[in-house]
Amino acid sequence: IERTLNGEYVRFEMQVPHRSGQLRWVDAQYVPDRDVDGKVVGMFVLGLDVSERKRAEEALREETRVAETLNRVGRALGGELDPERIAQLVADEDTAVTGAEFGAFVYDLIDERGERMLYALSGVPPEAAEGFPLPEGTTLFEQTFPQETVVCCEDATRDRNPDAGPSYARQLARHLSATSYLAVPVVSRDGRPLGSLFFGHSQPARFGDRAERVVAGIARQASVALDNAHLFARAEEEIRQRKEVEIALRQREAELREADTRKDEFLATLAHELRNPLAPIGMAAGILRQVRREPERVDEVTRTIERQVTQLVRLIDDLLDVSRISRGKISLRRTPLTLQEVLTQALDGARPLFDRRGIRLHVSTPSEPVVLDADATRLFQVMGNLLSNAGKYTDAGGDVYVSLERCPEEAVLVVRDSGIGIAPEKLPSLFQMFSQVEASLDRAQGGLGIGLALSRSLVELHGGTIEARSEGLGRGSEFIVRLPVATSDGPVQPEAAAPPSAPPSGRRVLVVDDNEDVRVTTASLLELQGHEVASAADGEQALEVAHSWRPEVVLLDIGLPRIDGYEVARRMRRESWGEELFLVAMTGWGQDKDRQLAYEAGFDAHVTKPADPVRLDELLGTTGVGS
Numbered sequence: 284i285e286r287t288l289n290g291e292y293v294r295f296e297m298q299v300p301h302r303s304g305q306l307r308w309v310d311a312q313y314v315p316d317r318d319v320d321g322k323v324v325g326m327f328v329l330g331l332d333v334s335e336r337k338r339a340e341e342a343l344r345e346e347t348r349v350a351e352t353l354n355r356v357g358r359a360l361g362g363e364l365d366p367e368r369i370a371q372l373v374a375d376e377d378t379a380v381t382g383a384e385f386g387a388f389v390y391d392l393i394d395e396r397g398e399r400m401l402y403a404l405s406g407v408p409p410e411a412a413e414g415f416p417l418p419e420g421t422t423l424f425e426q427t428f429p430q431e432t433v434v435c436c437e438d439a440t441r442d443r444n445p446d447a448g449p450s451y452a453r454q455l456a457r458h459l460s461a462t463s464y465l466a467v468p469v470v471s472r473d474g475r476p477l478g479s480l481f482f483g484h485s486q487p488a489r490f491g492d493r494a495e496r497v498v499a500g501i502a503r504q505a506s507v508a509l510d511n512a513h514l515f516a517r518a519e520e521e522i523r524q525r526k527e528v529e530i531a532l533r534q535r536e537a538e539l540r541e542a543d544t545r546k547d548e549f550l551a552t553l554a555h556e557l558r559n560p561l562a563p564i565g566m567a568a569g570i571l572r573q574v575r576r577e578p579e580r581v582d583e584v585t586r587t588i589e590r591q592v593t594q595l596v597r598l599i600d601d602l603l604d605v606s607r608i609s610r611g612k613i614s615l616r617r618t619p620l621t622l623q624e625v626l627t628q629a630l631d632g633a634r635p636l637f638d639r640r641g642i643r644l645h646v647s648t649p650s651e652p653v654v655l656d657a658d659a660t661r662l663f664q665v666m667g668n669l670l671s672n673a674g675k676y677t678d679a680g681g682d683v684y685v686s687l688e689r690c691p692e693e694a695v696l697v698v699r700d701s702g703i704g705i706a707p708e709k710l711p712s713l714f715q716m717f718s719q720v721e722a723s724l725d726r727a728q729g730g731l732g733i734g735l736a737l738s739r740s741l742v743e744l745h746g747g748t749i750e751a752r753s754e755g756l757g758r759g760s761e762f763i764v765r766l767p768v769a770t771s772d773g774p775v776q777p778e779a780a781a782p783p784s785a786p787p788s789g790r791r792v793l794v795v796d797d798n799e800d801v802r803v804t805t806a807s808l809l810e811l812q813g814h815e816v817a818s819a820a821d822g823e824q825a826l827e828v829a830h831s832w833r834p835e836v837v838l839l840d841i842g843l844p845r846i847d848g849y850e851v852a853r854r855m856r857r858e859s860w861g862e863e864l865f866l867v868a869m870t871g872w873g874q875d876k877d878r879q880l881a882y883e884a885g886f887d888a889h890v891t892k893p894a895d896p897v898r899l900d901e902l903l904g905t906t907g908v909g910s
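Residues 284 to 910 in my numbering are what the sequence shown spells out, letter by letter.
Don't read these hints as lab results, they were simulated from the structure.
Errors might be hidden in some of the hints.
Unchecked claim - Have a look at the derived ranges for each label pair, beta carbon to beta carbon:
(1) Thr347 <-> Asp510: 25 to 33 Å
(2) Asp473 <-> Arg535: 33 to 41 Å
(3) Val803 <-> Arg533: 28 to 36 Å
Treat the numbers as computed from the prediction; the structure is a model and nothing was measured.
Idealized CB from N, CA, C, for every residue including glycine.
Please take these sequences and the hints and turn them into a complete structure.
And the structure:
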């Protein structure tokens with residue numbers, strides 16, 4: 284008033300008592316009243332009730348504070364992907380903004396103890412929640428907040444219906460001695476309960492509309508943050524699994540590259556190994572053209588050809604055996620045998636190599652026979668591989684030691700040499716396919732790298748083991764084969780020798796092959812053996828010759844042009860003159876299924892190329908026509 288009487292305009296807002304007993308906000312204005320000379324002679328007082336405006340302004344400020352709180356919490360949650368830290372952040376922020384004495388975020392996860400619910404507490408120590416009862420065998424929040432509603436209790440001590448409201452909220456309020464409490468569900472975007480926010484105070488009526496709005500808003504943000512955390516965790520797991528798959532793929536790729544490299548090396552070595560016997564055969568053919576009148580030279584060259592052809596046949600047989608073993612198609616023909624006899628045969632086969640290189644051979648075997656129930660051919664193959672390796676990898680003038688020992692339940696064969704030895708890093712992969720003892724070795728010595736792999740497979744088929752030992756390069760090597768002995772040590776009765784067959788009388792033999800060299804050489808050999816021979820280059824010509832010439836024996840190739848050998852055989856069998864024919868399949872296909880196909884087509888015998896002349900002579904000499 285004094286300021287106004289001094290000529291000052293004064294305006295302010297104040298709260299004044301109202302007849303209703305409440306305070307109201309008033310906008311008061313004091314305006315000076317002046318006369319014509321400008322002298323203050325009084326004042327005007329104007330009072331305006333602005334309670335509604337003040338409430339609106341307060342509400343706006345409250346909304347601003349809520350928005351700022353939500354923005355702050357939202358920014359904090361936006362960069363957080365750990366569920367436990369999310370729960371703690373939400374519990375702390377909401378406890379502070381609601382004025383609660385304590386708060387809790389209970390969320391649905393399995394902890395390391397196997398308990399379904401974990402707690403994030405604010406305002407009380409962690410032990411405050413110890414011993415709190417949890418419903419067993421049920422999904423907690425589906426029971427607690429089936430309608431996804433906010434629950435606010437102003438005074439739990441005066442609640443007329445103590446069973447009203449979610450049982451979980453009541454239990455937690457009693458456990459933490461809360462008089463008033465606010466419980467808000469946290470639900471994922473797909474409607475799945477994630478947890479609950481709970482805030483309590485020892486005084487009644489401490490949570491109003493503002494607290495509900497803030498907590499509900501933060502609950503929505505928390506649900507998004509938890510969803511994102513779960514998505515991130517799944518994404519991390521998928522990335523981890525994808526990386527594991529990528530690592531596995533890279534490892535597989537490396538293995539395939541290594542296998543491809545081995546394949547290339549194998550093919551190069553195979554070409555070399557095939558050229559080795561072919562070279563002396565070609566040279567021998569040239570020599571024969573020039574020394575026809577020198578019987579001793581012809582004899583020597585003939586033995587060279589036979590030796591190299593045998594090497595080629597053995598090489599091809601090894602390759603076929605590897606194929607059969609890899610497909611599980613190989614079987615053993617077990618008979619009781621004496622291991623010393625098989626070893627003697629293998630040593631006889633290896634001696635020419637040792638003699639040529641001046642290698643001394645030392646053999647030690649027991650006097651008592653070592654009897655096995657085994658396949659003699661396959662054991663001969665194993666021993667031949669080990670002895671051949673010992674001869675190739677031992678320097679000229681070196682030593683090879685072979686010993687055989689009979690143990691209680693097994694026979695132990697040891698082949699030891701004084702040769703180049705094996706590097707320690709090579710030992711683990713020595714019995715793998717295409718593995719070479721030394722990469723720098725001349726390939727003429729290195730071989731195909733299948734002999735030891737084949738030997739291991741054959742030994743294991745017999746129920747035995749094979750291992751390699753070496754003290755390093757230049758220190759020699761030792762191979763140890765262990766085979767189970769026969770349950771009975773009874774003597775092995777030698778098979779009665781077959782009586783020598785009478786020299787075959789000349790037969791009428793038709794040779795059918797589209798390869799002219801094979802056709803001509805086979806016909807020449809048969810003529811030298813005293814047979815009458817005709818030949819044909821394809822299936823149609825074979826049928827014509829057979830119809831007109833009426834052979835007793837037909838040596839028939841399978842892979843003929845136009846009409847294959849199987850069909851030719853079937854057509855011949857349908858003829859009246861074909862019933863008594865002796866049909867022999869002569870082919871490069873030598874697997875079991877090929878033999879079966881031949882027999883089904885009507886063949887009497889199956890011979891793989893190149894045919895052994897002695898075997899062919901025996902076949903024609905001991906097999907009666909039509910048998």
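Structure-based check of each hint:
1. A hinted range of 25 to 33 Å for the beta carbons of Thr347 and Asp510 is consistent with their spacing of about 28 Å.
2. The hinted window of 33 to 41 Å between Asp473 and Arg535 holds, with their beta carbons roughly 38 Å apart.
3. The beta-carbon spacing between Val803 and Arg533, approximately 56 Å, falls outside the hinted interval of 28 to 36 Å.
Consistency note: the structure conflicts with earlier hint 3 alone.
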